[in-house]
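S.K.: Listed below are the residues making up each chain.
There are 2 protein chains.
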Amino acid sequence: MRDVAVIGVGETAFGELWDRSFRDLGIEAGLRAIQDAKVTADEIDALYVGNMSAGKFVDQEHVSALVADYSGLADQHLPTVRVEGGGACGAIALLQARLAIASGMHDIVVVGGAEKMTDVGDVQAAQILAGTADQEWETVFGATFAGLYAMMARRHMYEFGTTREQLAAVAVKNHRNGALNPNAQFQREITLETVLQAPWVAEPLGLFDCAPLSDGAVALVLCGMDRARKYTDRPVRIAGSGQASDFVALHDRRDLTTMDATVIAGKRAMQEASFEPKDIQVAEVHDNFTITEILAIEDLRFVPKGKGGPATEEGFTALNGKITVNPSGGLKARGQPVGATGVAQAVEIVRQLRGEAGKRQVTGAERGLTHTLGGTGATAVVHLFERGD
Amino acid sequence: MRDVAVIGVGETAFGELWDRSFRDLGIEAGLRAIQDAKVTADEIDALYVGNMSAGKFVDQEHVSALVADYSGLADQHLPTVRVEGGGACGAIALLQARLAIASGMHDIVVVGGAEKMTDVGDVQAAQILAGTADQEWETVFGATFAGLYAMMARRHMYEFGTTREQLAAVAVKNHRNGALNPNAQFQREITLETVLQAPWVAEPLGLFDCAPLSDGAVALVLCGMDRARKYTDRPVRIAGSGQASDFVALHDRRDLTTMDATVIAGKRAMQEASFEPKDIQVAEVHDNFTITEILAIEDLRFVPKGKGGPATEEGFTALNGKITVNPSGGLKARGQPVGATGVAQAVEIVRQLRGEAGKRQVTGAERGLTHTLGGTGATAVVHLFERGD
Numbered sequence: 007m008r009d010v011a012v013i014g015v016g017e018t019a020f021g022e023l024w025d026r027s028f029r030d031l032g033i034e035a036g037l038r039a040i041q042d043a044k045v046t047a048d049e050i051d052a053l054y055v056g057n058m059s060a061g062k063f064v065d066q067e068h069v070s071a072l073v074a075d076y077s078g079l080a081d082q083h084l085p086t087v088r089v090e091g092g093g094a095c096g097a098i099a100l101l102q103a104r105l106a107i108a109s110g111m112h113d114i115v116v117v118g119g120a121e122k123m124t125d126v127g128d129v130q131a132a133q134i135l136a137g138t139a140d141q142e143w144e145t146v147f148g149a150t151f152a153g154l155y156a157m158m159a160r161r162h163m164y165e166f167g168t169t170r171e172q173l174a175a176v177a178v179k180n181h182r183n184g185a186l187n188p189n190a191q192f193q194r195e196i197t198l199e200t201v202l203q204a205p206w207v208a209e210p211l212g213l214f215d216c217a218p219l220s221d222g223a224v225a226l227v228l229c230g231m232d233r234a235r236k237y238t239d240r241p242v243r244i245a246g247s248g249q250a251s252d253f254v255a256l257h258d259r260r261d262l263t264t265m266d267a268t269v270i271a272g273k274r275a276m277q278e279a280s281f282e283p284k285d286i287q288v289a290e291v292h293d294n295f296t297i298t299e300i301l302a303i304e305d306l307r308f309v310p311k312g313k314g315g316p317a318t319e320e321g322f323t324a325l326n327g328k329i330t331v332n333p334s335g336g337l338k339a340r341g342q343p344v345g346a347t348g349v350a351q352a353v354e355i356v357r358q359l360r361g362e363a364g365k366r367q368v369t370g371a372e373r374g375l376t377h378t379l380g381g382t383g384a385t386a387v388v389h390l391f392e393r394g395d
Numbered sequence: 007m008r009d010v011a012v013i014g015v016g017e018t019a020f021g022e023l024w025d026r027s028f029r030d031l032g033i034e035a036g037l038r039a040i041q042d043a044k045v046t047a048d049e050i051d052a053l054y055v056g057n058m059s060a061g062k063f064v065d066q067e068h069v070s071a072l073v074a075d076y077s078g079l080a081d082q083h084l085p086t087v088r089v090e091g092g093g094a095c096g097a098i099a100l101l102q103a104r105l106a107i108a109s110g111m112h113d114i115v116v117v118g119g120a121e122k123m124t125d126v127g128d129v130q131a132a133q134i135l136a137g138t139a140d141q142e143w144e145t146v147f148g149a150t151f152a153g154l155y156a157m158m159a160r161r162h163m164y165e166f167g168t169t170r171e172q173l174a175a176v177a178v179k180n181h182r183n184g185a186l187n188p189n190a191q192f193q194r195e196i197t198l199e200t201v202l203q204a205p206w207v208a209e210p211l212g213l214f215d216c217a218p219l220s221d222g223a224v225a226l227v228l229c230g231m232d233r234a235r236k237y238t239d240r241p242v243r244i245a246g247s248g249q250a251s252d253f254v255a256l257h258d259r260r261d262l263t264t265m266d267a268t269v270i271a272g273k274r275a276m277q278e279a280s281f282e283p284k285d286i287q288v289a290e291v292h293d294n295f296t297i298t299e300i301l302a303i304e305d306l307r308f309v310p311k312g313k314g315g316p317a318t319e320e321g322f323t324a325l326n327g328k329i330t331v332n333p334s335g336g337l338k339a340r341g342q343p344v345g346a347t348g349v350a351q352a353v354e355i356v357r358q359l360r361g362e363a364g365k366r367q368v369t370g371a372e373r374g375l376t377h378t379l380g381g382t383g384a385t386a387v388v389h390l391f392e393r394g395d
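If you're matching them up, the sequences are chains R and H in order.
For the first sequence, our numbering assigns the number 7 to the initial residue and increments by one for each residue that follows.
For the second sequence, our numbering assigns the number 7 to the initial residue and increments by one for each residue that follows.
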């Protein structure tokens, strides 16, 4: 396949952005990425947007054409594509944009990810999020996302002796990183006690085990590697991509404590890139709940199965630890505008590989990974990046 | 780009299918297409699904993983992608699936299109459909789809002298074709008087100028042309694809009576395929309203601008006319499960090019076209097909 590089990145701050609309956020991120890539409007061949539920959050479908329109690109009559796959929307959009360039159809493609989640109430937002689980077997009976992930956490504690303190260590680490990220929703460190003393959302997951509701948008500019040097001397190459699906409902899964979709997506990406987990210095993984990051680092083979809790507690995944996980603060502290997540992770990895991550810079970052989940793991997407200079 | 062929098609009946769920329909269409293509489950590399608003119609997002799961493919851990672009979802899904094969990432891909629209009330359905127009400038003020298209119809009448009878002739023709299609929602001919005497929905569009709310699903199996003969001796080649976007809100458009997105998508597809409009014997075009088909045949250059009305009245687009338009019955009579439309059009064209269209077979069909719109024309997609045997 034709090699593809990221040549520009842009993001908005993440948070409760009540004074700005979905379209405002999409435009801001897109224009920043275009400016960063130094491409002109007439060089852009297509626009891909990852978005989960704008239909329910802001009553607007057809958002890819809308973002192109409001970005001043309507006169270019670009093909625009919205991709949805639960929380993995952004990561899938990135993969589709990569294929569009790899196919030879396009040369330069903008990939956006956006969600506006705080214009509805918390209960309604939880219902919308739960729409990516199995409606007929889970959601209709009142299962929430926190409830479903709590079952995975409980089983992981039972099988591997994972402790509440180890779950909490994920939140403490990611808040510590978020405090170094000026675009993060939460830029404040928290203590282990804060996490442990917070009220339950769904036992054993407390308030600080859960990523917030967020508004925000991010964008990337992709380009065929053969043309990337025209725009930048720091292209970041997409070295491999893997995507996999699984049963949607938890009760059908082989094992509650392993996400087969993550295992397989990771292997597919590693195989394409000819990487091993030990080759990665920095990773952004899905941490919508603290248990999710523990599952991810195990299923991606950064640590042995069952050892995610102790490894986190011991600082294996801390900033400039053995492998840095979620230097941006992750979904937990950076924020979780759902459709943006997969693209936001890529933005952070690109900044890390370019050496632009400021106080949260991982020393010697040459290769990075992103891992994004849809639903409770019925979709997983892994992308691998390396410095192309 | 690597050549891609359709090697299998499958569909459900379209209609008000209250006894069957979204997932039932998706599975039925998918399994039929797989059976038609004679591929086995382990040969399928990926699944693409066109769907507009399952989140609002049936409270289920993440529908691509769901369809894979319920089709018995969860153990294959396929990558699955849901694509949304208003009414053009299915056509965009087909284009993305084509690119996935053209890129070399995949060899065999299933493309599904599905919508379940009749589980909500008519008013709610109208609101959901209007979600693909501009929410902040149109929908929030009460604009419905019928109202927006009525403005285009009124302007077309003013500029070109198009008559109510000419609009009605589209409905009469498409019902005549639908009566020959055992899977159509309406299999009954109607008279000009029936259309003219029906109550207004939005003047000058009456009840019979509007496509119905429908449930239904369709699927295609795509394969690299280099491998297609392993499965079929009647592959249908995708000769060209074009997609374009435009301003979302009508008030921003250059001209209410020309859809620039259709004009440009058509040219892009024709250029890739090296076809001219006169090379096409059979076309399925977007006819959510009668005016839409008239705009489409003009903007695709089958007839001169402004002549769509008289041409329809004179039988230019009738079954085995100069060019047959909407032999399936179109959205008007075959039915309009929104996310399915673009794929359903391709299913019909494949059946026509294979000579399998029964009583509605177009004599000597060698090359066909599909044209699908999102919103009120902010997205348009054109695909061109030719017999590959």
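Keep in mind the hints are simulated off the structure, nothing from the lab.
Here the structure is a predicted model, which means the values were calculated and not measured.
Hints are not guaranteed to be accurate.
Stated by the list, open to error - Here are the simulated distance ranges between beta carbons: (1) R:22 to H:361: 51 to 61 Å; (2) H:209 to R:235: 36 to 46 Å; (3) H:361 to R:127: 37 to 47 Å; (4) H:46 to R:129: 22 to 32 Å; (5) R:129 to H:239: 49 to 59 Å; (6) H:26 to R:165: 33 to 43 Å; (7) H:206 to R:236: 54 to 64 Å; (8) H:48 to R:133: 45 to 55 Å; (9) H:361 to R:24: 40 to 50 Å; (10) R:146 to H:213: 28 to 38 Å; (11) R:236 to H:110: 47 to 57 Å; (12) R:165 to H:364: 36 to 46 Å; (13) H:22 to R:143: 20 to 30 Å.
Unchecked claim - Residues of chain R placed beyond 12 Å of chain H at every Cβ, according to the derived structure: (14) 29; (15) 88; (16) 101; (17) 127; (18) 134; (19) 140; (20) 203; (21) 232; (22) 252; (23) 287; (24) 312.
As the list claims (entries may be wrong) - Far from chain R by the CB rule (all over 10 Å, computed), these chain H residues: (25) 66; (26) 110; (27) 129; (28) 252.
Glycine included, every Cβ here is placed at the ideal spot set by N, Cα and C.
S.K.: Now look at each hint and say whether the structure bears it out.
M.R.: Tested hints:
{"no.": "1", "hint": "R:22 to H:361: 51 to 61 Å", "in the structure": "holds (60 Å)"}
{"no.": "2", "hint": "H:209 to R:235: 36 to 46 Å", "in the structure": "violated (59 Å)"}
{"no.": "3", "hint": "H:361 to R:127: 37 to 47 Å", "in the structure": "violated (56 Å)"}
{"no.": "4", "hint": "H:46 to R:129: 22 to 32 Å", "in the structure": "violated (45 Å)"}
{"no.": "5", "hint": "R:129 to H:239: 49 to 59 Å", "in the structure": "holds (57 Å)"}
{"no.": "6", "hint": "H:26 to R:165: 33 to 43 Å", "in the structure": "holds (40 Å)"}
{"no.": "7", "hint": "H:206 to R:236: 54 to 64 Å", "in the structure": "holds (56 Å)"}
{"no.": "8", "hint": "H:48 to R:133: 45 to 55 Å", "in the structure": "violated (37 Å)"}
{"no.": "9", "hint": "H:361 to R:24: 40 to 50 Å", "in the structure": "violated (59 Å)"}
{"no.": "10", "hint": "R:146 to H:213: 28 to 38 Å", "in the structure": "holds (34 Å)"}
{"no.": "11", "hint": "R:236 to H:110: 47 to 57 Å", "in the structure": "violated (24 Å)"}
{"no.": "12", "hint": "R:165 to H:364: 36 to 46 Å", "in the structure": "violated (58 Å)"}
{"no.": "13", "hint": "H:22 to R:143: 20 to 30 Å", "in the structure": "holds (25 Å)"}
{"no.": "14", "hint": "29", "in the structure": "violated (7 Å)"}
{"no.": "15", "hint": "88", "in the structure": "violated (5 Å)"}
{"no.": "16", "hint": "101", "in the structure": "violated (8 Å)"}
{"no.": "17", "hint": "127", "in the structure": "holds (17 Å)"}
{"no.": "18", "hint": "134", "in the structure": "violated (8 Å)"}
{"no.": "19", "hint": "140", "in the structure": "violated (7 Å)"}
{"no.": "20", "hint": "203", "in the structure": "holds (34 Å)"}
{"no.": "21", "hint": "232", "in the structure": "holds (15 Å)"}
{"no.": "22", "hint": "252", "in the structure": "violated (6 Å)"}
{"no.": "23", "hint": "287", "in the structure": "holds (26 Å)"}
{"no.": "24", "hint": "312", "in the structure": "holds (22 Å)"}
{"no.": "25", "hint": "66", "in the structure": "violated (4 Å)"}
{"no.": "26", "hint": "110", "in the structure": "violated (5 Å)"}
{"no.": "27", "hint": "129", "in the structure": "holds (15 Å)"}
{"no.": "28", "hint": "252", "in the structure": "violated (6 Å)"}
Consistency note: the structure conflicts with the earlier hints numbered 2, 3, 4, 8, 9, 11, 12, 14, 15, 16, 18, 19, 22, 25, 26 and 28.
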